Amino acid sequence: DTGVSQDPRHKITKRGQNVTFRCDPISEHNRLYWYRQTLGQGPEFLTYFQNEAQLEKSRLLSDRFSAERPKGSFSTLEIQRTEQGDSAMYLCASSSTSEQYFGPGTRLTVT
Amino acid sequence: DAKTTQPPSMDCAEGRAANLPCNHSTISGNEYVYWYRQIHSQGPQYIIHGLKNNETNEMASLIITEDRKSSTLILPHATLRDTAVYYCIVRVAWGNEKLTFGTGTRLTIIP
Numbered sequence: 001d002t003g004v005s006q007d008p009r010h011k012i013t014k015r016g017q018n019v020t021f022r023c024d025p026i027s028e029h030n031r032l033y034w035y036r037q038t039l040g041q042g043p044e045f046l047t048y049f050q051n052e053a054q055l056e057k058s059r060l061l062s063d064r065f066s067a068e069r070p071k072g073s074f075s076t077l078e079i080q081r082t083e084q085g086d087s088a089m090y091l092c093a094s095s096s097t098s099e100q101y102f103g104p105g106t107r108l109t110v111t
Numbered sequence: 112d113a114k115t116t117q118p119p120s121m122d123c124a125e126g127r128a129a130n131l132p133c134n135h136s137t138i139s140g141n142e143y144v145y146w147y148r149q150i151h152s153q154g155p156q157y158i159i160h161g162l163k164n165n166e167t168n169e170m171a172s173l174i175i176t177e178d179r180k181s182s183t184l185i186l187p188h189a190t191l192r193d194t195a196v197y198y199c200i201v202r203v204a205w206g207n208e209k210l211t212f213g214t215g216t217r218l219t220i221i222p
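These protein sequences, in sequence, are chains H and G.
Residues in the first sequence are numbered from 1 upward in steps of one, following the working numbering.
Residues in the second sequence are numbered from 112 upward in steps of one, following the working numbering.
The hints are simulated quantities; they were obtained by calculation from the structure and are not laboratory data.
It is possible that part of the hints are untrue.
Mimicking SDA-like on lysine to any residue, the simulated pairs with C-alpha atoms at most 25 Å apart in a straight line are [to be verified]:
| id | chain 1 | residue 1 | chain 2 | residue 2 |
| --- | --- | --- | --- | --- |
| 1 | G | K209 | H | G16 |
| 2 | G | K163 | H | S96 |
| 3 | G | K114 | H | S98 |
| 4 | G | K209 | H | K14 |
| 5 | G | K209 | H | T111 |
| 6 | G | K209 | H | S62 |
| 7 | G | K209 | H | S66 |
| 8 | G | K209 | H | S5 |
| 9 | H | K57 | G | T214 |
| 10 | G | K163 | H | S98 |
| 11 | H | K57 | G | Y157 |
| 12 | G | K209 | H | T20 |
| 13 | G | K114 | H | Q41 |
| 14 | H | K71 | G | R217 |
| 15 | G | K209 | H | R15 |
| 16 | H | K57 | G | Q153 |
| 17 | G | K209 | H | R9 |
| 18 | G | K163 | H | T97 |
| 19 | H | K57 | G | E142 |
| 20 | G | K180 | H | D63 |
| 21 | G | K209 | H | G85 |
| 22 | G | K209 | H | H29 |
| 23 | G | K209 | H | R64 |
| 24 | G | K209 | H | S98 |
| 25 | G | K209 | H | Q41 |
| 26 | G | K114 | H | S66 |
| 27 | H | K11 | G | S152 |
| 28 | G | K180 | G | R217 |
| 29 | G | K209 | H | T13 |
| 30 | H | K57 | G | Q156 |
| 31 | G | K209 | H | S58 |
| 32 | G | K209 | H | D63 |
| 33 | G | K209 | H | R22 |
| 34 | G | K180 | G | Q153 |
| 35 | H | K11 | G | E142 |
| 36 | G | K114 | H | E56 |
| 37 | G | K209 | H | Q17 |
Here are some, though not all, of the chain G residues that point toward chain H, as calculated from beta-carbon distances under 8 Å [what the hints assert, rightly or not]:
| id | residue |
| --- | --- |
| 38 | C123 |
| 39 | R127 |
| 40 | A128 |
Since the model is a prediction, treat every value here as computed from it, not as a measurement.
For every residue, glycine included, the Cβ atom is placed at its ideal position computed from N, Cα and C.
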């Protein structure tokens with residue numbers, strides 16, 4: 001399967017711990033996006049990369065959040081000092097045209 | 112991006128055509144109408160997009176009114192696997208990379 005993959009699919013962590021998620025985009029896609037989705041809401045944009053450059057960050061991306069795409073291929077999203085409000089589905093998408101293709105998401109639960 | 116309005120929920124009988132409306136009365140001339148859907152516990156899936164002409168692909172048809180203030184997504188022969196939340200999004204095709212999701216329409220296909 002050559003779709004977008006995300007790892008892990010589920011993560012349970014205690015408040016205050018750091019977590020890191022990985023996204024592997026479709027191989028020929030130069031754009032990569034992170035979104036967050038809470039229960040009953042549509043996904044909300046967090047940040048966007050073109051190749052290795054992070055071109056846009058939402059105000060939702062507080063100082064505790066950092067995203068990287070070091071070689072323009074896979075990306076990581078790290079959340080430091082997690083809070084219960086960080087509990088959500090974290091979605092990654094990639095594109096080479098105007099359509100974005102999403103991965104299955106990582107569901108984070110902060111206890 | 113222009114705002115969209117969708118009904119919160121709809122039902123459709125299996126085998127029938129499902130017609131999902133979307134209002135986007137403030138759409139600009141260079142903005143496209145995109146449709147995505149999200150099946151439970153999965154990432155959003157691109158369906159179709161269009162500017163002003165009607166569009167059809169293997170998944171669905173998109174009918175955009177002449178004034179472009181509204182559109183309808185048509186699933187011609189709905190199956191149980193089409194049960195999902197459907198999102199109508201208006202955006203320029205290039206230069207505004209993020210997708211702005213609303214709360215969508217929850218479509219339930221009835222056996």
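Taking the hints in turn, this is what the structure says about them:
Restraint check for K209 of chain G and G16 of chain H: not satisfied, since their Cα atoms lie roughly 30 Å apart, outside the 25 Å limit. Straight-line distance between C-alpha atoms of K163 of chain G and S96 of chain H comes to about 23 Å, which keeps the hinted pair within the 25 Å bound. As the CA atoms of K114 of chain G and S98 of chain H are separated by approximately 19 Å, the hinted pair is consistent with the 25 Å bound. Of the supplied pair hints, the one linking K209 of chain G and K14 of chain H is violated, its CA atoms being roughly 31 Å apart against a limit of 25 Å.
For the given pair, K209 of chain G sits about 30 Å from T111 of chain H by alpha-carbon distance, which is inconsistent with the 25 Å threshold. Note on K209 of chain G and S62 of chain H: the hinted pairing holds, with a Cα-Cα distance of about 18 Å set against a maximum of 25 Å. The hinted pair formed by K209 of chain G and S66 of chain H meets the criterion: a straight-line CA distance of about 18 Å does not exceed 25 Å. Our distance criterion of 25 Å between C-alpha atoms is met by K209 of chain G and S5 of chain H, whose separation comes to about 19 Å.
For the proposed pair K57 of chain H and T214 of chain G, the alpha carbon gap of about 22 Å is at most 25 Å, so the pair holds. A distance of roughly 16 Å separates the Cα atoms of K163 of chain G and S98 of chain H; the hinted pair therefore holds under the 25 Å criterion. For the given pair, K57 of chain H sits about 23 Å from Y157 of chain G by alpha-carbon distance, which is consistent with the 25 Å threshold. Restraint check: the Cα-Cα separation between K209 of chain G and T20 of chain H comes to about 22 Å, which is no more than 25 Å; the hinted pair holds.
With a C-alpha separation of about 15 Å, the suggested pairing of K114 of chain G with Q41 of chain H holds against the 25 Å cut-off. Restraint check for K71 of chain H and R217 of chain G: not satisfied, since their Cα atoms lie roughly 39 Å apart, outside the 25 Å limit. Pair hint K209 of chain G plus R15 of chain H does not hold up; C-alpha atoms about 29 Å apart against a cutoff of 25 Å. About 24 Å separates the Cα atoms of K57 of chain H and Q153 of chain G, which keeps this hinted pair within 25 Å; it holds.
For the hint linking K209 of chain G to R9 of chain H, the alpha-carbon distance of about 23 Å falls within 25 Å, and the restraint holds. A threshold of 25 Å between alpha carbons decides the hint, and for K163 of chain G with T97 of chain H the separation of about 19 Å falls inside it, so the pair holds. This hinted pair checks out: K57 of chain H and E142 of chain G have alpha carbons roughly 22 Å apart, not beyond 25 Å. Distance check on the hinted pair: K180 of chain G and D63 of chain H sit about 39 Å apart at the alpha-carbon level, beyond 25 Å; violated.
Restraint check: the Cα-Cα separation between K209 of chain G and G85 of chain H comes to about 23 Å, which is no more than 25 Å; the hinted pair holds. Taken as a hint, the K209 of chain G and H29 of chain H pair is honoured in the structure, with Cα atoms around 15 Å apart against an allowance of 25 Å. Between the alpha carbons of K209 of chain G and R64 of chain H the distance comes to roughly 21 Å, so the proposed pair stays at or under 25 Å and holds. At most 25 Å may separate the alpha-carbon atoms for a hinted pair to count; K209 of chain G and S98 of chain H meet this at roughly 10 Å.
Between K209 of chain G and Q41 of chain H the CA atoms are separated by roughly 16 Å; this keeps the pair inside 25 Å, and the hint holds. For the proposed pair K114 of chain G and S66 of chain H, the alpha carbon gap of about 29 Å is over 25 Å, so the pair is violated. Between K11 of chain H and S152 of chain G, the direct Cα distance comes to roughly 15 Å. Compliance with the 25 Å bound is thereby established for this hinted pair. For the hint pairing K180 of chain G with R217 of chain G, the CA-to-CA distance comes to about 22 Å; that is within 25 Å, so the pair holds.
Using a Cα cut-off of 25 Å, the hinted pair K209 of chain G and T13 of chain H is violated, with the two alpha carbons roughly 29 Å apart. Distance restraint check for K57 of chain H and Q156 of chain G: the Cα-Cα separation of roughly 23 Å lies within the 25 Å cut-off, and the hinted pair is therefore satisfied. Simply put, K209 of chain G and S58 of chain H have alpha-carbon atoms about 10 Å apart, close enough for the 25 Å limit, and the pair holds. Between K209 of chain G and D63 of chain H the alpha-carbon distance is near 20 Å, which keeps this suggested pair within the 25 Å criterion.
For the suggested pair K209 of chain G and R22 of chain H, the alpha carbons sit about 20 Å apart, so the restraint of at most 25 Å is met. Between K180 of chain G and Q153 of chain G the CA atoms are separated by roughly 30 Å; this puts the pair beyond 25 Å, and the hint is violated. For a cut-off of 25 Å, the pair hint linking K11 of chain H to E142 of chain G is broken: about 37 Å separates their Cα positions. In summary, the hint linking K114 of chain G to E56 of chain H is supported, as the alpha carbons are separated by about 21 Å, within the 25 Å threshold.
Distance restraint check for K209 of chain G and Q17 of chain H: the Cα-Cα separation of roughly 29 Å exceeds the 25 Å cut-off, and the hinted pair is therefore not satisfied. The interface hint given for C123 of chain G is broken, as the beta carbon of that residue sits about 21 Å from the closest beta carbon of chain H, more than 8 Å. Hint status for R127 of chain G relative to chain H: violated, with the closest Cβ pair at about 26 Å, above 8 Å. Because the beta carbon of A128 of chain G sits about 24 Å from the nearest beta carbon in chain H, more than 8 Å, this interface hint is broken.
Checked against the numbered hints given earlier, the structure breaks hints 1, 4, 5, 14, 15, 20, 26, 29, 34, 35, 37, 38, 39, 40 and satisfies all the rest.
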